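In case you want the letters, here they are:
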Amino acid sequence: MVATTAISPAVAKDATVTKATDAWSTVSGLLPGNVVAVVGISATKLKSLQIFQDFYKSVSADQNVSMVLGMVQGACGFDPVAALENVVVAVDDKDHAGIFVQATASTRPRSRRASAP
Amino acid sequence: MHRRPDEADAGEGARRQEDRQRGRVLVKGEKEKIYVAWPSKNVFMISSDPTDKALTQSFLKGKGKLLKDANFKAGLALAKTSGLVWVVGTKIDDDELKAAKAKFVAGTVDSDNGTDVTVGRPPALRRRGHRQEVRREGRAGVRQGLKDLPAALGTMLGNIKIAASDKDVVVSGSVKLDKAAAKLLGDLVKQDM
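Line by line, the protein sequences give chains A and B. So the first sequence is numbered by this note's numbering: it starts at 1 and just counts up by one. So the second sequence is numbered by this note's numbering: it starts at 118 and just counts up by one.
Calculated from the structure, these hints are not laboratory results. Keep in mind that a hint or two might mislead.
[Claimed, not checked] Heads up, simulated BS3-like pairs for lysine-lysine below, C-alpha to C-alpha not over 30 Å straight-line:
hint, chain 1, residue 1, chain 2, residue 2
1, B, Lys-170, B, Lys-218
2, B, Lys-170, A, Lys-57
3, B, Lys-158, B, Lys-197
4, B, Lys-150, B, Lys-180
5, A, Lys-47, B, Lys-218
6, A, Lys-57, B, Lys-218
7, B, Lys-190, A, Lys-57
8, B, Lys-215, B, Lys-182
9, A, Lys-47, B, Lys-220
10, B, Lys-158, B, Lys-170
11, A, Lys-57, B, Lys-220
12, B, Lys-208, B, Lys-197
13, B, Lys-215, A, Lys-47
14, A, Lys-57, B, Lys-150
15, A, Lys-57, B, Lys-197
16, B, Lys-185, B, Lys-150
17, B, Lys-185, A, Lys-47
18, B, Lys-197, B, Lys-220
19, B, Lys-180, A, Lys-45
20, B, Lys-170, B, Lys-180
21, A, Lys-45, B, Lys-150
22, A, Lys-45, B, Lys-208
23, B, Lys-158, A, Lys-45
24, B, Lys-178, B, Lys-220
25, B, Lys-197, B, Lys-185
26, B, Lys-220, B, Lys-190
27, B, Lys-215, A, Lys-45
28, B, Lys-218, A, Lys-45
29, B, Lys-178, A, Lys-57
30, B, Lys-182, B, Lys-158
31, A, Lys-94, B, Lys-182
32, B, Lys-180, B, Lys-197
33, B, Lys-158, A, Lys-47
34, A, Lys-57, B, Lys-208
35, A, Lys-94, B, Lys-218
36, A, Lys-94, B, Lys-150
37, A, Lys-57, B, Lys-180
[Stated by the list, open to error] These stretches of chain A come out as covered by chain B in the derived footprint (C-beta under 8 Å, 3 or more residues):
hint, stretch
38, 67–80
39, 83–93
Note that the coordinates shown come from a computational prediction; the quantities given were computed from them, not determined experimentally. Glycine included, every Cβ here is placed at the ideal spot set by N, Cα and C.
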């Protein structure tokens, strides 16, 4: 099973840069003044913890979890857990969130419209 | 005008069935667009309502105005952005913090240096005796918090220190992340699944 969505290219032309950067250094220069909370998570540090490794081992043993991870890996061409480096979540004053995910690999699709393989 | 994902057209059911047979599942509302962005090569962004283009754009076109907010800046200076988890918030919902006229809350949980949480207070509250007062209040709060924690979680907590400057209250502590904690978290997740 592959989820297929119509995906636009970057919606903000002025925000589109090409070089790889740290998530917060990218995000901090973009966020508007109505953001009231920011949470940053270092996935790299999280993955290095023994507690995460034990936790991940037990969770990924579940058939549903391994199926979803396999599906994402098949569709994207990389292991989402291994590639994940940092996550920054910004919440605005209306409780809407912008989720920024930094990965080791480029997650950007090659074509303008992502589609199922 | 975007259709909501749940506003599927009449023929969609048939298409969805057809797609299932072909080994694909389409997001409900085939023509619906989900807006995502790549602000840099390796950073991907999606909003809490990815069908709302304006919302997605709002997080990308702010030109960093957030960094001009004095309260956010003060909180950011106290959070360690290289930590395991860090938080800076300027919307104070907690009644006690509101009463204390807190302007921001900043915190970091790190795998090597433990945990720091700072509540920033405005200059009006920087008075004589403030340090002793917050130490006393903080200790009482931590004691109560530890009492309320399940025993298994309580054993994970290490040293907790309360410190106060003339400006801010800092609660520092460490969390022992061991196999027992991993098992506890694993059990909690299994209960939810």
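- Message: Between the alpha carbons of Lys-45(A) and Lys-208(B), is the straight-line distance 30 Å or under?
- Response: 28 Å, holds
- Query: Within 30 Å, alpha carbon to alpha carbon, are Lys-178(B) and Lys-57(A)?
  - Reply: Given pair Lys-178(B), Lys-57(A) is violated - Cα atoms ~40 Å apart, limit 30 Å.
- For the pair supplied as a hint, Lys-94(A) and Lys-150(B), is the alpha-carbon distance within the 30 Å limit? Given pair Lys-94(A), Lys-150(B) holds - Cα atoms ~22 Å apart, limit 30 Å.
- Lys-180(B) and Lys-45(A): Cα distance at most 30 Å? The hint holds at about 29 Å.
- Message: Need the status of pair Lys-170(B), Lys-57(A): alpha-carbon distance at most 30 Å?
- Response: Roughly 37 Å separates the two Cα atoms, so the pair is violated.
- Measure nothing beyond the straight line between the CA atoms of Lys-94(A) and Lys-182(B); if it is 30 Å or shorter, mark the hint as holding. Holds: Lys-94(A) and Lys-182(B) sit about 17 Å apart, inside 30 Å.
- Is it true that the CA of Lys-150(B) sits at most 30 Å from the CA of Lys-180(B)? 25 Å, holds
- Task: Starting from Lys-47(A), check that the Cα of Lys-220(B) is at most 30 Å away, please.
- Result: 33 Å, violated
- Given the proposed pairing of Lys-57(A) with Lys-197(B), does the C-alpha separation stay at or below 30 Å? Satisfied, since the Cα-Cα distance of roughly 29 Å is no more than 30 Å.
- Taking only the CA atoms, is the gap from Lys-57(A) to Lys-208(B) under or equal to 30 Å? 37 Å, violated
- Pair hint outcome, Lys-158(B) versus Lys-170(B) [Cα-Cα no greater than 30 Å]: 20 Å, holds
- Query: Are the Cα positions of Lys-158(B) and Lys-197(B) separated by 30 Å at most?
  - Reply: Between Lys-158(B) and Lys-197(B) the Cα gap is close to 24 Å, so the pair holds against 30 Å.
When held up to the earlier numbered hints, the structure conflicts with 1, 2, 5, 6, 7, 9, 11, 13, 14, 16, 17, 21, 27, 28, 29, 34, 37, 38 and fits the remainder.
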